[in-house]
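These protein sequences, in sequence, are chains S and G. For what it's worth, this note's numbering labels the leading residue of the first sequence as -6, then goes sequentially. For what it's worth, this note's numbering labels the leading residue of the second sequence as 534, then goes sequentially.
Any given hint could turn out to be false.
Said to hold, decoys possible - Looking from chain S toward chain G, a few residues come up when the C-beta cut is under 8 Å (computed): (1) Leu142; (2) Glu156; (3) Ile157; (4) Tyr345; (5) Val353; (6) Val379.
These aren't lab readings, by the way, just hints derived from the structure by calculation. If you're wondering where the values come from, they're calculated on a predicted model, not measured in any experiment. All residues carry an ideal CB built from backbone N, CA and C; glycine is no exception.
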Amino acid sequence: MSIEKTQPTLHLGVGDKLRLWWDALARPAQWGIGVPFIVLIALLPVLRPPVITTVGTDFGSVLAQFGMYALLAIGLNVVVGQTGLLDLGYVGFYAIGAYTVGLLTSPDSPWNLTDDWLSRDWAWLFAVPIAIGITAISGLILGTPTLRLRGDYLAIVTLGFGEIVRLLADNLSDITGGGRGLSQIAYPVVGESADKPNGVFSAGNTSAPLNSGTWWFWLSIVLIIIVLLIVGNLERSRVGRAWVAIREDEDAAEIMGVPTFKFKLWAFLIGASIGGLSGALYAGQVQFVVPTTFNVINSMLFLCAVVLGGQGNKLGVILGAFIIVYLPNFFLGRTELFGIPINGDDIANYKYLFFGLALVVLMIFRPQGLFPARQKLLTYGRGIYVATRQAALAAANAVTPAAVAPATSGTTTSDADAPLTKDAPLKKKADDTEGDA
Amino acid sequence: MSAVMTVGPAVSSVVSAFNVDSLTHNFWALTIDGLTYGSIYALVAVGYTLVYGVLRLINFAHSEIFMLGMFGQYATLMLLGFTPRGDVYTEGTLLTIVYLGIAMLGGMAVSGGAAVGLERVAYRPLRKRGAPSLVFLITAIGASFILQEFVHFVLPKLTNQKLGGVNAQQPIRLVEPTVQFTFLGADVTNVEIVIVVAAILLAVATERFITLTKFGRGIRAVAQDPVTATLMGVSRERVIMLTFLIGGLLAGAAALLYTLRVPSGIIYSGGFILGIKAFSAAVLGGIGNLRGALLGGLLLGVMELYGQALFGTEWRDVVAFVLLILVLMFRPTGILGESLGRARA
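For reference, chain G alone in the conformation it holds in the complex (with noise of 0.2 Å):
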């Protein structure tokens, strides 16, 4: 009897962590901080977005791509004479935005070098051999172990402990999060603005380059039907090139802003729950749809902070993933539809 007993507390307890006086009363706050984290997941999401419209491929290896990209720009600010403290750099204004300009360069060129490089190595040779779509999926899979496990073991031999090992990185802080104004009763910090408007130019920069340049229009055309682009005269391979690259410098960039916010989450094992959010970001739009990824970044950042407003910090990862299974469940083509040669991209 004492098993049927017990299970009244556990019960009520999951009941009471309904807090939906919390969700209310912080709405625009919650609101403001699920944006910041939702134009991350957009920017990460267009990498799977990308991929997937033009190879049908799901790019598990991304989220490591991102991860190499926090630790990009936070070498690329060792590089400049920074070393980790436990205060706040205090530079100005000017030289600050300078600075993370040239850290998130840096995240970029590391994840974009990381994101062709194992399109180069680990999936050319698949698609040489016509490989059916599982085989891809295991080859990220290794290649996810092979770049978690290098920044875990080998990259801080490589730079004398300094980078990588079992711990997170010792944070190194430029800007100090100062309310600048309230928006319906909510701080907005300027680290937020930063990260929102950053978000946004790349995402208006990426949507431009795909439906105006001539390489955007390439990557449309192969995603719509590779052989005929291929008659007319479109390059498959170097496609496939820019759009891993674009991913990858995406990824990179998201990185940086991801480490504004979150300091201390520079660490080998950091990009996986991350890849796997913005993923369901991407589903959630429409993967494969470049707008789609971006709407349901935010979507997804949003929800997930109501989500841990009203169920409890620890089940904010809950709710992205139960999110994602109910969205494949019930409309599994996302809510922009799938197809990036479809779309108005």
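Next up, chain S with everything else stripped away, as it sits in the complex (with noise of 0.2 Å):
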């Protein structure tokens, strides 16, 4: 038997009050403090610093692999996060991404382009809106007939499309090469020089800090950037306000007017082709896919980092794919941390299973991740939320300061913006009304 706790406190989240003071900055002064931030990341391959640089692998390739992995996290989190359908197959859509590449650009392929009228040097920025298309596409097909559906069969049934398309990978081997995948496909040729014949992007790149590794992750945040401010301008317009309220409660939106089953549908497509984006720069940066890339258990890392980082904050789930990524990394290799003698590559091996138990660890005591998304005031605006939120904050300063002492005491249910927080449907009470045995 269990009773929530019904006072009001203010939920407080990881830097929840680092998070209010960027709120109130002015968006001139949030630019200038998010500018060069951003650069100082760009810059982390560069510097390399100790002890944060990776040891098993290339810390250029890991960040690379970041990058992608953050444009999967913003897509997934659109579909998941704003717009609360559970997609299990979200692998299909960065496979479908990556091998279209692959098929327009490798020479093992029957559809190859570039041996007849396309240069291989611009092939690659050909093949990418192309995969965006037919990505956007796929998503058109699979959302079609499947979005009437609800919650968790939803979820199985893109479970499935997902398996079926690493199986339709593995099993047309004419067309996609079967388990011997798609080599020596197409990647931005720029930045020849005398020791680097094939340009910056070439995997033939490896003079480190400026190898290939760095290269992709420089452009995977400028990408990051222009899908960041598309995908935020969406969530405040009306498609964006759509999303959520069909995410918190389906047939009060269809009710109150909201055509849920396109803006649904809008989600998907949009998400897909985030992740067809992420495969096009996986295709280009590894020049070689093969199916067991894309196993389903992937799509399961991917929805790790979007719950991890916390769903429908766009930053947070930025944050998850960094943790997905770059821990397991962090330990391969590594035999000693800090004088301490570890043994880090077994600690890399036993991934999945620290993020199972995350996830589950998450899921009891911190449902909405580790850095919740806010509802803001999207009617009244930014300014009206900031100072919504401090008035609530001084408040719960004044009456119970200890109580915003434990700021990552995740079991606080209640929220002084209650009606707005994403956290609501926790308080609802259990129905097991029967005391248990």
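Hints in hand, dock the two standalone chains.
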């Protein structure tokens, strides 16, 4: 028998005060702080700070992988976090994006265009928009029949879709090369020099710190910023409000006149195309695609990034992607940490075990994720939202300073701006009314 | 232009893969093999369907419960003194059946225990909070990771590399598949007979248990209306535990039957695909409906093998997934309808 706390306490996430301060800043000030910060992150693979730099794998490549996962997390966040549709087959879109680039530019493919009229130098750039388009269409094809299903059923159908995509890549060996995969996929040829005859993006560019991984990381940062701006604007528009309405209560949204099916389809389509973009980046970076890269377990990993980071919070899911990619690589090949001998390879191997544990523990104690989303007073604008939050924070400080101090305690479930939180379902009383033995 | 020209061979190879002859020639053999697989799916599907009926929850980690059952029966056989080796043990019919029975009990104990433990550790805290269903599903995925990786990495360390690890277990084979009789031109092996008979016995026993006993009535009552059932003195928590236990026991039994048919299938990742197929079977028959799960399992097993004959072995899993999607799109309530409470289970 559990009785939920009922007195209103302010819900504090990790760094809530920091976020409030950030929200209170004017837009130009935000850019003024944000841009140097992004530049600092972009310089990470060049600076290669001690301890932080990975040992077992090249730091640049790890960050490049992080960039792709961050894109995937942003795309999946639109579907899962914003619209509340659990998509377990997201890896299928990633695969379709990667395979589209592969099929158009690999000499192993029957549809290779580069031996014909397309210059290999420009082939990747030519293939990327096609990859995005085709994944968007595949999102439409998957979404149109299945988005009428709800909740768990949708999750299972998308899971089936993800697996079908991989099986198709594996089985249609006349086209996709089957288990051998497609090799020599095109990449952007930029900045050729004597020691880098194929340009800086070529996998042959291994001269650290400015190796190909670093360059792909930079490219992905640019793409992430563009995608964030697009998705952020969508969120603040009618579309975004419709998504949130569908997530919170689909029936209510439908009754209030939101064409739910249409907006769910839009969410699917946009999420899919971002996944396709990430897949295209992946194909360009490694210049090689095989079906095993697109196992369904990767879908779970992407979902893990979104859930860990905090569903609905764009920056949170990027941090989630960072955790997913960086932590295993941090331990890989490491034999000591701060003087303590550790078996880093073992720890890195256990990554799925740890992520599984993290998911289970998080769902019990903090289902909103490490960096939960804040529902803003969308209709009234940012100023009002900040003012309300500040007032609420001040009130909470005045009444119970202790309640604010343990900022990491995730068990408080009510919020000062309660009508607008997405934690509301947690407060719903369980319907197990009997005393359990 | 060359891009368009080269589409030709790819398409023609897909068309030539339509092997109708293979289907008609081996129709009965495929049916019998399909029923063998189908009865295994059916037993696993019962676990999905019972939990769904009572909790409206897809226990995504059920496939891992099945996987643990495979290791459970394997460990039991090792404890009985069998060691993996190339050739088949010949212990005599009676003794073999006894050993298989003990191994099945071992697998059932492991699976049943794991299922109940999973419910206690992962799902119960969520239920207390009244968490939304997506939270349950994500927890189940997390639990699935944990169980798989436990067998993948931790179990070999605990058992001195004898169990678990990256590779499949070396098979311990007690039964050599031998043809017993032919049915309409199709060979029927002893393994197939054992699997189908054991599965039918277990299914009937479960069905009787749910229909006739006090516990079964409790399960049906909670599935129909949890609040009223509680008012009538049924402990919902106990019913939930019981459903997980039954699901786990049947998955453990299915695990042994599966390893009879596929001796080299004992691997940490071996539950995943089978779990999805069993779930498809449950949906096909009508999730939440016990008889539906049994019917769906048999149907799926048979159709999968027909599909395999038509399109080729590598398309077998695709057939199952496409079937799942089609059923969900056109008849989400399945063949026999959804509810455990409403069905005459």
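Results of checking the hints against the structure:
About 6 Å separates the beta-carbon of Leu142(S) from the nearest beta-carbon of chain G, less than 8 Å, and the hint is met. The beta carbon of Glu156(S) is positioned within 8 Å of a beta carbon in chain G (closest approach about 6 Å), and the interface hint is therefore held. Hint status for Ile157(S) relative to chain G: holds, with the closest Cβ pair at about 5 Å, below 8 Å. At a threshold of 8 Å, the smallest CB-CB gap from Tyr345(S) to chain G is about 5 Å, leaving the interface hint in force.
Because the closest C-beta pair between Val353(S) and chain G is about 4 Å apart, less than 8 Å, the hint holds. Here the hint on Val379(S) is broken, as its CB sits about 29 Å from the closest CB of chain G, past 8 Å.
This entry does not satisfy hint 6, going by the numbered hints stated previously; all others are met.
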